[in-house]
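S.K.: One letter stands for each residue in the lines below.
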Amino acid sequence: MARKLPHKDVVIIGLGWTGSILAHELTDEGLDVIAIERGPWRDEATDYPPNYAQDELRYRIRHELFLRPDQNTFTFRNKMNQTALPIRTWGAFMPPNGVGGGGVHWNAETWRFLPSDFVLKTHLTQRYGANFLPEDMTIQDWGITWEDIEPHYDQFEYLTGTCGTAGNLQGKIREGGNPFEGPRSRPYPNPAQKQGFGHTLWAKAAKELGYKPFPQPSGNMSQAYVNPLGVRMGPCTYCGFCEWFGCGNYSKASPQTTILPVLVRKSNFSAYDNCEVTKINLDGSGKRATGVTFVDSQGNESEQTADLVILAGFSIFNVQMLLHSKIGTPYDPVANTGVIGRNFTHQCMSSVDAFFDNKKFNFNPFIASGAIGMCIDDFNGDNIDHGPLGFVGGGYLGQVQTNGRPIETTPVPKGTPRWGAKWKQAVRDNYLSNIKGGSIHGSMYSYRDVYLDLDPTYKDRFGRPMVRMTIDFHDNELKAAAFMANKYAEIVKAMGAHTIEPKPRKGPYDVTTYQTTHLNGGAIMGTDPKTSALNRYLQSWDVPNLFVMGATAFPQNAGYNPTGTVGALAYWSAKAIREQYLKHPGPLVNA
Amino acid sequence: MHLHRRELLATAAWFVAGTAAARAGLISGHLPWQPNAGYPPIAARPGPWLFFSSDEAATVEAIVDRIIPPDPQTAGGKEAGCAVYIDRQLAGPYGKDEGLFRGGPFQPGTKSQGPQSPVTPAELYRKGIAALDKHCRDKFGGKRFADLSETDKDAVLHDLDASQVKFEQADGKVFFDQILKDTQQGFFADPIYGGNKDMVAWKMIGFPGARYNYLDWIERHNERFPLPPVGIVGSINWTPKKS
Amino acid sequence: MPRPGPLLAIACASALPLALLVNGAPAATPNQQNFAQIEHGRYLATLADCVACHTKKDGGPPFAGGRPIETPFGMIFSANITPDPGTGIGNWTEQQFDDAVRRGIRPDGRRLYPAMPYPFYTKMSRDDVRAIRAYLATIPAVHNRVVTNQLPFPFNIRMAMQVWDMLFFTAGEFKPDPKKSAEWNRGAFLVQGPGHCGACHTPKNFLGADENSKALQGSPVQGWFAPNITSDKTRGLGSMSVEDIAALLKTGHDRITTVTGPMAEEVEDASSHFKGDDLKAIATYLKSVPGGNDEPNRTPVAANDPRMQAGKAIFRDTCSACHGLDAKGVSNLFPALADAPSVRSPDPTSAIRVVLRGARSVATAQEPTAPAMPSFGWQLNDDQIAAVLTYVRNSWGAAAKPVSSDDVKNQRSALAQRTD
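Protein sequence lines correspond, in order, to chains F, U and R. According to our numbering, the first sequence is numbered sequentially starting from 1. According to our numbering, the second sequence is numbered sequentially starting from 1. According to our numbering, the third sequence is numbered sequentially starting from 1.
Hints in this document: simulated from the structure, not taken from any laboratory. By construction, the Cβ of each residue, glycine as well, lies at the ideal position given by its N, Cα and C atoms. A couple of the hints might just be wrong.
[Said to hold, decoys possible] Cross-link-like lysine-lysine pairs, in silico, DSS-like; alpha carbons within 30 angstroms at most:
(1) R:LYS312 <-> U:LYS242
(2) U:LYS181 <-> F:LYS506
(3) F:LYS493 <-> F:LYS266
(4) F:LYS414 <-> U:LYS111
(5) F:LYS459 <-> F:LYS204
(6) F:LYS493 <-> F:LYS436
(7) U:LYS241 <-> R:LYS312
(8) R:LYS180 <-> R:LYS204
(9) U:LYS96 <-> F:LYS459
(10) R:LYS179 <-> U:LYS241
[Claimed, not checked] Footprint (simulated), chain U over chain F, 3 or more residues, beta carbon under 8 angstroms:
(11) 42-48
(12) 169-177
(13) 229-239
(14) 260-268
(15) 456-465
(16) 505-514
For reference, chain F alone in the conformation it holds in the complex:
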């Protein structure tokens, strides 16, 4: 029998970026808020201090900060006619767990999407005609515009101290920034990070080829910073143990370094850790959430009732929660009906490795941060004319090498034996003078046969069906990948590499090689309840006192890292809740 807890105004499922932002906003509104986090509390000094955080084996190879697959995982197949099998060990992506969520161990690459990304369907149709898009591509407009979300990008950037060089300030293009970005109301709160030799040389080559390089917007602080909440961060020391790792010296933006110290002091906030929400409970009508049921680490069940439920887990877990709680109609790819599970996307990542003369080039790859790097946006979104190219979408290209960690980053040229004396020699000769994984951050648009649903065979530890991912690359993305990999190779050639190995993404999509953890969609936002799960304020069409945060809302993925947009959407939604919903609880949009 579940233990019944005292009623709260708001229950938040998950205490990562969006959970923390919503908790902060709603406690400021005077509401009594409780957050329930599946994983453990995490703190810099006790969980990733700078005297043992820098352990590549433990954190990068054994993934210690991430969710354990045996606590929860998914099944995967490429095509609908295959049997999905469990992802038994993480490879292609690493789901987070614990307070702070992915914000603890992300790179801190803090991008904005393009204005055209939010009205993608309309924009591409207008420019190229409906027939230009593949028939089974299911991209949609988001229901919001750049003007809606820009102030909230600003909010998230100032919360997290994003370090960058503005490219478009209120319509004026600025030297040194990204000329393709949407107009921003203010400069970044901090100057861009310093760059290493490899990043700088790449940018020089890109510039000479006529591109517009700029520093990657970084949530690793370029200087000490106090954010608007009064929380302080120190300067990033370029330790090279960033992504996959917690930051030991308070210099990477995370909920811990930007929000939680203020949040926990509020008398109207509390949180449980190591408690997993298993279900959002609905009343008899099925149209109102009454709260959640959760299980603690001993296996005891409790029920937390609340007037407002915020689902703030990592994207796929949000979709899993909706499916298990029977909220929204599950997507049927054959009949093309339903919304929960529809428009699931990842990222289409390509890379280029390059090798240089070690007598002339010393890149010190170990001196880096997670969001260091120089990038060009010339091939992102619809920044070029795709007409002659035969595909849509793109991504940023960047020399964003983040580390010289030796297990991960000791590449050898193609053809080198995998072991033995020649391997050893090649590792030795190339360690300081290579570019590994020069990044092409390709978009992935949505397709009818790429989706999430519940697996018929495999069950999670509570006996509930696992989420099943059906996902493969489509020609559109692979064409874009090949095109951009060639462009990248040209830049690296101009840098002076003697050996260049483009690695454009090739199908089939596989779950063994890492391709970012930018899993999006499955409960998307939109203007039509028939093709979206949430309205433009991230409010569930079906259950108006439920809001669903995260990249779950993206109708398709863009050629950028998602966290900036995830944070901005959280602020956008919080504003609507504070200014509209709380005054008149109920649907905010009539469709």
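For chain F, the structure is supplied; the task is to place chains U and R on it using the hints.
M.R.: Just chains U and R now, with coordinates in the frame of chain F:
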């Protein structure tokens, strides 16, 4: 170097969520904190083999010394401690696939669906080593792998890598891929785990190790970083020299 | 300090009530309808930080007692000072309350141990104490019987306190110095009186009494070393400005250093709530207290000493991650070890403790970040900790006693016994 060792095992442990420092219940009012809190790495202790029998260890040492052969500049896999590393890893959670999803049914899948075998690394090594030595005894007149000449060892490993050898009890290629990965990871991991002894691998490539502050170097482009590597428990420079 | 003979002390103790009656207007009684008096009492109770000792640490009801107080002689438990008639002070007269707070005498005539800092509270006026009583009368009464005296024999004999008081206690209100400014006098009153800073920061003699000739020069307390807070330039507050000190007391952080351990509690419960003028007054006064540096010409340990060489390597390889390559830290976040006076305390207990166990700094409304130092006890051995602390204490213009491996070893075992 003095380590606070609580256990024999060397693992980059799969800590189960929930083994947090004892604090139950609600978080509110203060950021939680306790003295000495934290989960420092559990170091590999020198000493007897924990997982391998001495025969198995001899085979593994011979394999790692061909995967990473010694040369005048840098030790090989054996001297670097790669076999010790693998031994300690297999004796711990890694050997049991702890933390991975091991629910059934197990069924073979496509390559893109990733590993689907119920065989744990510990089982794979047991069977793989036994099969390898049997194969060598059959092919080389009773000699085990460790007794072969360097040329013959390399030839056998090449065959394994190329799927040219069929074991009965184990998949030779899968076994080779596993030991290749483990050897190279142990070579480059922090010495606390048993391999990369005296940071030989890091010295070989010029990786400064577990350092954390490069603020004075980020803008020094194309210059060799001069300081010696440091492990998680430091370096010999951390101990005052006896005069 | 003058040591009154026994007769004189007793005469003093009994003389006061007469003196008050003789002197003039009847004193104001504690009055629950007197809002101004209650507010005054509440602020005084904050200045005196009554709540810290008289409340159980893990969220007991405020002022209901039962908190174990560490003394050099064993544990004492704080009394219930809520208005409960049976187990609190609800039935005490105003005279009895004043006797307790300002003279260390209980209603039954037996003495309080100076864990209750009556030697400092004696500086407050009768009206001050009345106001505190008025405030305490307004808080919820809690029924909680506390056995306060749990000291081991022979310290549990309260009669011994009569002798102690004769030797070491002089009752008497604060007397302003007409030659000093009003601000200085206010600061002096706050520090010597309700603030009772010397209770932790003044070294004690072997009987646990203040060594007044060394006032505020630092003292061991609860497994820490409460630092020198005199005007001494290298080991005290001399190099910090009034603004720095006020900021440290108000927010727990300033551009050089931060507050942790028992002082973190003090900031949180008390000084973060002090009025701005009072904080400046305290800072002004502290910066005038003579330092009494007993090693003014100390030379730093030589840079080529093996301990310094090892310490330098450790510092660069690990401490610099937060404290900076130049040990200047980050303002209000990571202490500037190059400048922080507490790092150079002759007694290195706090520095060793922080390195061994880690520490969380205090969170206040103005400075909520509360960064924490990680624990190095598992990573560095005694020689290494001794080396890096010797290095930090003898670099960047500082010169302090080296830390020995035995210092570290002893503290490891001492800390192993502690639960805080």
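S.K.: Does each hint fit the structure? Answer for all of them.
M.R.: Hints, one by one, checked against the model:
Distance hint between LYS312 of chain R and LYS242 of chain U is fulfilled; the C-alpha atoms sit about 16 angstroms from each other, no more than 30 angstroms. With a C-alpha separation of about 24 angstroms, the suggested pairing of LYS181 of chain U with LYS506 of chain F holds against the 30 angstroms cut-off. Between LYS493 of chain F and LYS266 of chain F the CA atoms are separated by roughly 55 angstroms; this puts the pair beyond 30 angstroms, and the hint is violated. Pair hint LYS414 of chain F plus LYS111 of chain U holds up; C-alpha atoms about 22 angstroms apart against a cutoff of 30 angstroms.
For the proposed pair LYS459 of chain F and LYS204 of chain F, the alpha carbon gap of about 52 angstroms is over 30 angstroms, so the pair is violated. Of the pairs offered as hints, the one joining LYS493 of chain F and LYS436 of chain F holds, with about 14 angstroms between alpha carbons and a cut-off of 30 angstroms not exceeded. The straight-line distance between the Cα atoms of LYS241 of chain U and LYS312 of chain R is roughly 13 angstroms, inside the 30 angstroms bound, and the hint therefore holds. Between the alpha carbons of LYS180 of chain R and LYS204 of chain R the distance comes to roughly 28 angstroms, so the proposed pair stays at or under 30 angstroms and holds.
With a C-alpha separation of about 21 angstroms, the suggested pairing of LYS96 of chain U with LYS459 of chain F holds against the 30 angstroms cut-off. Taking the CA atoms of LYS179 of chain R and LYS241 of chain U, the gap is about 57 angstroms. The hint is violated against a cut of 30 angstroms. Counting residues of the stretch 42-48 of chain F whose CB falls under 8 angstroms from any CB of chain U gives 4; the rule of at least 3 is met. Given a C-beta distance limit of less than 8 angstroms, the hint that chain U covers the stretch 169-177 of chain F is violated, as 0 residues qualify and 3 are needed.
Residues of the stretch 229-239 of chain F with a Cβ under 8 angstroms from some Cβ of chain U number 4, which satisfies the need for three, so the listed coverage holds. Under a criterion of three residues with beta carbons nearer than 8 angstroms to beta carbons of chain U, the stated coverage of the stretch 260-268 of chain F is upheld, 5 such residues being counted. Evaluation of the coverage hint for the stretch 456-465 of chain F: fulfilled, as 3 residues show C-beta separations to chain U shorter than 8 angstroms, against a requirement of three. Under the rule that three or more residues need a Cβ within less than 8 angstroms of chain U, the assignment of the stretch 505-514 of chain F holds, with 5 such residues.
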